[in-house]
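Okay, here's what each chain looks like letter by letter:
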Amino acid sequence: MGEFKVHRVRFFDYMPTAIRAMAFNAHTERLALARMDGSVEIFNFTDHYFQEKVIPGKDSRSIESLCWVGGRLFSAGLNGEIAEYDLENLRPKYSLEAYGGPIWTIISNTQGTQLAIGCEDGTVKLFEVLEEHIQFERNLDRQKGRIISLSWHPSGTHIAAGMMDMIRVFDVPTGHAVQRLLVDRGFGGSKSRETVVWSVAFLSDHTVVSGDSAGKVQVWDGHTGTLVKTHLVTKWDVLALSVSKDESSVVAGTSEGTVIQFQFIAPTLHQQQDKEWVRTRTFKNHTHDVRALAEIETAIVSGGMDTHLVVRPLLEKFDEKSHASGLRKIHFPHVIANNINLSCAKKAGLLLFQFPGQLELWRLGDSDEHGKPGDRLPLKRKPEKLLLLKRKGEDHICCSALSSCGGWLAYSTVSSVRIYRLQTDNNNISITKVSKLPKALHSAHQLCFSSDSSKMFAASSQSSVLVIALTQSECKYVHTLKPKSGSRQPIHLMTTSGDGKWLAAANSDCEIHVYNLQKLKLHCIVPVYGSCPSAMGIHPTTNNMTVVHADQQLFEYSIVEKQYTDWSRKLQKQGLHNVWLDRDTPVTHVTFNSKNPNQVVLHDMHMFCIIDQMFIHPCPCHNGLIGFSGLFYNQMTLRSLSEQERPSHLHAFKICKTFQVSLLFLASLLDDQSLVVVERPLLAITSQLPAPVRQKKFAT
Amino acid sequence: MAALYEGFTLCGLVQTQNASDSPIQGIELDGDSDHAVVTDSTRSVTLYKVSDQKPLGSWTVKQGQLLTCPAVFNFQTKEYVVVSDNKVIRVWKDEDLNLDKAFKATVTADVWRVHSAPGGEPVVLFQRGAVRFLDSLLSAPQQPVEDVLSEEEVIRWSTNIVAEEQHFVLFTTEQKGECCLYVQRLNPNTLQKYRLEREDSGASPLSFSASLQDKHLNLLYLYPNGCVYQSVVAARGYVGLEGVQALPRSLRLMVPVGEGELGAASAVALDEAHVAVVGVPHPSARTGKDFLCIWNTNFQTLQAGKEMAGRIHGQVWCYLGKLFVSHGKALSVIPYECQKSSLASALGKLRHTGLAGNAALPHGTSTGRISIKCNCSQRNVKLGVNCVQPQPHQTGPVDEVQREVEALVSRGDAQDLQLSVGQLACHLVARSQAETAFYTPVALAQLVQTQFLCHSVCPGLLLLSLEHKDYFLCQLCLQLFPDIPEVVTCACLKTFISNEVLQTPYSDNFLLPHLKDLDTQQVILFLQYLQFVYLKYSQDVYTQTPGLRSPTMTQIIDWVCLLLDAHFTVLVMAPDAKGLLSNLQSFVKSQVKLFSELGKIESSLQELHKMKLSKDISQYSIEVIELF
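Protein sequence lines, in the order shown, are assigned to chains A and B.
Residues in the first sequence are numbered consecutively from 1, following the UniProt record's numbering.
Residues in the second sequence are numbered consecutively from 1, following the UniProt record's numbering.
To be clear, the hints were calculated from the coordinates, so they are not data collected in a lab.
In this text, all values refer to a predicted model and were calculated from it rather than measured experimentally.
Honestly, I wouldn't trust all of these hints.
[As the list claims (entries may be wrong)] Here are some, though not all, of the chain B residues that point toward chain A, as calculated from beta-carbon distances under 7 Å:
id : residue
1  : Q619
2  : I622
3  : V624
4  : I625
[Unchecked claim] Straight line, CA to CA, 20 Å or less: simulated EDC-like cross-link-like pairs of lysine to aspartate or glutamate:
id : chain 1 : residue 1 : chain 2 : residue 2
5  : A       : K657      : B       : E626
6  : B       : K494      : B       : D517
7  : B       : K78       : B       : D94
8  : A       : K521      : A       : D499
9  : A       : K380      : A       : D425
10 : B       : K176      : B       : E153
11 : A       : K595      : B       : E626
12 : B       : K536      : B       : D558
13 : A       : K372      : B       : E626
14 : A       : K433      : A       : E394
15 : A       : K372      : B       : E623
16 : A       : K5        : A       : D368
17 : B       : K87       : B       : D100
18 : A       : K380      : B       : E623
19 : B       : K62       : B       : D85
20 : A       : K144      : A       : E120
21 : A       : K595      : B       : E623
22 : A       : K5        : B       : E626
23 : B       : K494      : B       : E467
24 : B       : K93       : B       : D32
25 : B       : K49       : B       : D32
26 : A       : K382      : B       : E623
27 : A       : K5        : B       : E623
28 : A       : K482      : A       : E88
29 : B       : K578      : B       : D519
30 : A       : K657      : B       : E623
31 : A       : K245      : A       : E316
32 : A       : K392      : A       : D59
33 : B       : K87       : B       : D110
Yeah, the Cβ is synthetic: ideal placement off N, Cα and C, and Gly gets one too.
Can you build the whole structure from these sequences, using the hints too?
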């Protein structure tokens, strides 16, 4: 069906940062995750672990701990501040100084009325949670030595605090320490080192579970302050603990990258009443420190130094093998994938990479040669880094855009938007900052240029879109497009049509609004589907919009006719192939083949796929003979068939898995049948990580 | 390769009054492949069973009558046909005892030959060139016979070839030194005349031999100067082509002729690549011209040679893997075998393999009479007429020879050089062997360095150099000759040890008996040397410069094994060898250990091979993919 020239770009040396903390909100099933660079990501566990929101980081911000109070998210960090986040505008709502030195941990009581923080100066500070704010209430008895970890008893009366060499149990109403649990130091050389109690968990039956730097998980009786059981699980540190909702299981994360589960069960069959904490399973899904851990209903979620978020399902919670029972590894924040931009200037293919601290503009290489499939073409011109633009201020870049003519470049942080005029002639590039920006344009969740580069669209608060007119001399505010639904959620996807008439914007409420740009008003709302759109694109000639959702469903919606197209209906009627639905990374880009209007090109992290609407879709019932993947990923089979046999085996989903290493971006250039593939091999990321702790391996 | 096997005498020959005359007119096949019909020069025809060397029958014409043509067997009627007194055709059967009582018919013109071949009717060739089928002639014996040849033109040789429903009568004529080939096709009858290229010396060919190969008639003819030429005529010629065509020729072989020219000699093609020549000198033997040799024309190499006692009559017939040669007072039958050289087929030199086996059966050649006449006419021609054979080496002093060789070597023509280098080397070797004072190391070395020589061309050379202790030449020969016999290799070993000896090709079975000839001291010395070489190379096996000629480890080990095989019992007894043997034993032990260790990790190493080399992934590339 066709040959493509593929520009394989591997010079995007993006490095995700380590995961520092996470908090799971069982009520909303959202996981909040904090990285070392101060960014916070929200994953929706009800919607295929889709990363629906990202709050960009800030240089001065460091997050040590996250805490949900109802739907509100708080963080505390070593900068000594407590922050609450505005999850609608994706920025900190406010932050306040706790005056206790660096803060190691933040927790809330089960009622959601109070917050407690553990400070470097040895105090546990209580804050009252108010409607729009929090207010300092009091200190518990000050201790010698820092408070590393805290756990609130479900009744709210007691707090256990992990410190150096000990655990204190406080009586919250009086503020006095009622128990002192001494934690042993490690053996041998580490005897002289203080033991850090990295994590504590206070259970309903007043059992305290602790994990410490000597590699122990210890079970204490909180009433009497006596040690019940010691589990030495590692030579290194036990960094994180998490208790299941029913308190029957505790998981511990270690520096070795393992997650160890303990369960409260009877050790023998005869005495079912005599339960104790027994070490049961060990999971090894990380190479480095497991710093953050959450045991949710059906899975263990872990993250750490190696930057991956791992969802490890507990198979006993599943009745049958299903989509949810598979292991998930989430390697990249999706926003990264969404923020690589390509300009399709006829001759100079420009590629914009967004890093938290800078933007890089590259010109793609070129080759005159033609080759047969499988060939690597000799380069006439090598790729060239044209520009390195460092952001101003402390806030990290949250979005950026490059106009298709290559003449405009814009980026936004939570505090400001900057627009630049780019002029490239031959090898010289000049960049001019557009000085006067409209006042309304102060921050954007998404930026995008119209195809003729005459307008810029900025996704603003409450799902509104600012329309900015661009001329050589100035930027002028034109209009604010507002959704009728009144949604307050941020827009995470935006795309314009080739003819400049339509703008589509998708928000975290799963709504897609289509605006008529000529009339500057809402054209229609695409019927809301239960899963968040992960990628969308408007066809350059037909103006049909292809939308792919986090649950891998695929729709084609005719903007003009305000309805799904026949092809889309047929596809939905028939159902998508299981192999397609079982993929575990969402589609992050949709683009189109300029030469063949029937072809939609889309990709996820592991493959790219060309959907040819002229061909039949592989029927989901065709599983029996060849096996799923045999039929679906059948490019190899097709290649081996003769010209005569081939047509009968062709189907609409042409999947290319040649580029298996973390595809981050894909776009088709306008000028010819070529694709741009940005790859980021996981190996390259692994190689940049610090060495993991030394472990004794058998026979070494 | 080709070989001549031990021959046997089929019959004695009656000495004729004229000593130079051949005692045999011809040998023809009978219906039985083991039978030969021998016609002597006077009156009798004898049928022999060849393998038993036993006459089965004999027929004689009356006193006063003379058989003028060899008897032939009519394969269709199972009768014998002979011509007496040029005009009387006699036909008889096996059971007829008396030739006089047999059928006879007198024809109007003198008959030259009656030819018969399996699958074809017998043909009568008249002396004036006319051709008749025997049947039609006998049905009207008195029919007029036309003259085809001109007045002074005489037939020298003739044959007929029957193949694939084609019937040819070929005959050559001579007129005032000019030779012509007539190709008479029968049914339909066409006659084509070709003029043979004149040899510079003006000599006429000594012998002819014709065969049908790959739809072409191949004519092979030998000149007194030793040149064997080949001419090719298309079997399906242009019917009605008028006039005399010039017949192009190509030099197939240059037989060394020794002193003077060839007298009674004859050449017959055995197959596409081999030619048997009788009445020539053997290049490495004495100069006497009484040898039967088989030459490979593709490589100009002598494949086999056999001395024939007594005077050679220049007659050779070739039937079914046997050569019939009349010499002295006997007719000898010598079985031969020609194998296709695999090298030749590898080089693609053999164009027509496995084609028309029957048709390619060579037919009889030559008559004594021609050679005698030629001989007489050419005796006066000055010696050394061979253009590529320079003179001084015959008698000149060393420096003169040297100059001659240089001149020769500096000439570029490879084909000529190949022949002349061989001849020259043989001459020089022969002269050195004869005159003890004469030895030209530089000239010989130069000749060897042309790389046109091999051991079989000049077998005496290597031994000569050994005799003169000319180790440089020895080394050179060992280095460049591909075909040194094992016995000579061992002879070299006895006198000196080198890198070079170890690298000569050999076959275990042949070498072993010769190695046994070495005495104990030599063996010990050689083993010590081998051990030294082995240790030397095993240390810097990777630093060996490729240009340097050095034996491979395997070659050294093989020689050690061979030597030990040949002399182990002796060496065990010899006290001097004790240390050496124990050294070798510990060495072998360590090797065995090493190899067993290597064997253990073999599978691991193989896994390394299987490991996919990760593709070199650069930062950027443009690739072409195809999706279906």
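Of the hints given before, which are not true for this structure? none
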